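Trainee: For the sequence shown, counting from 1, position 170 maps to 170 in the working numbering; every step adds exactly one.
Heads up, a few of these hints could be off.
As the list claims (entries may be wrong) - Computed spacing ranges between beta-carbons, pair by pair:
no.: 1; residue 1: Ala94; residue 2: Leu30; range: 47 to 53 Å
no.: 2; residue 1: Gly27; residue 2: Asn52; range: 35 to 41 Å
no.: 3; residue 1: Ser102; residue 2: Leu123; range: 25 to 31 Å
no.: 4; residue 1: Ile143; residue 2: Ala50; range: 56 to 62 Å
Derived from the structure by calculation, the hints contain no laboratory data.
Source: prediction; values computed, not measured.
All C-beta atoms, glycine included, are put in the ideal place defined by N, C-alpha and C.
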Amino acid sequence: MIDETSEFLPRSRRQRTRGSRRLGVLGGILGLILFLGAVYLSSRLGVEMARNRLPEKESDQPELATSETLRVGSSRDPLYLAQSPDILRRFFAAHPTAEDRSSADLSGLGIRRLQDSMDLTTLRAEADAVEVKVASGAIAGAIYWIHHSQLPKPATFDPIISPVPGAIVE
Numbered sequence: 001m002i003d004e005t006s007e008f009l010p011r012s013r014r015q016r017t018r019g020s021r022r023l024g025v026l027g028g029i030l031g032l033i034l035f036l037g038a039v040y041l042s043s044r045l046g047v048e049m050a051r052n053r054l055p056e057k058e059s060d061q062p063e064l065a066t067s068e069t070l071r072v073g074s075s076r077d078p079l080y081l082a083q084s085p086d087i088l089r090r091f092f093a094a095h096p097t098a099e100d101r102s103s104a105d106l107s108g109l110g111i112r113r114l115q116d117s118m119d120l121t122t123l124r125a126e127a128d129a130v131e132v133k134v135a136s137g138a139i140a141g142a143i144y145w146i147h148h149s150q151l152p153k154p155a156t157f158d159p160i161i162s163p164v165p166g167a168i169v170e
């Protein structure tokens, strides 16, 4: 068997072999550059699309949007209040159904269960948790986190961009 770079091959065939190797290496480098460019442009496009979904900033200082008072809860659907959104998320992940939550042992979890309705004012939202200030009852003035599914009209909540609940998302 004769090697492609052998001196026994005609000179034109040796040059074609070297040229095709060079072309293959050049094509590989060009392909790598195109791949990296496509990854970069794809990430930039994703960032710009996410920025377009963010609400416009009106000032440099963050202001809490004032919200109307919402009436939530009932005697048959308890409210679950937590001191932090992480505690609330872990509780709702561990107990996904209403029956699981109603039979859950809350001691040591940092969750309060209230069986009555109350008035709340929303302060801010973080993914699926909403920070609220209690406006009525024995714990009026306390600030807690509740799950967005416990608010009225949960269909108007966008979990990607967290608007103040009650605002209509179009």
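Trainee: Determine for every hint whether it applies to the structure shown.
Mentor: Against the structure, the hints come out as follows:
no.	hint	in the structure
1	Ala94 - Leu30: 47 to 53 Å	holds, 52 Å
2	Gly27 - Asn52: 35 to 41 Å	holds, 37 Å
3	Ser102 - Leu123: 25 to 31 Å	holds, 27 Å
4	Ile143 - Ala50: 56 to 62 Å	violated, 29 Å
Hint 4 alone, counting from the list given before, is not met by this structure.
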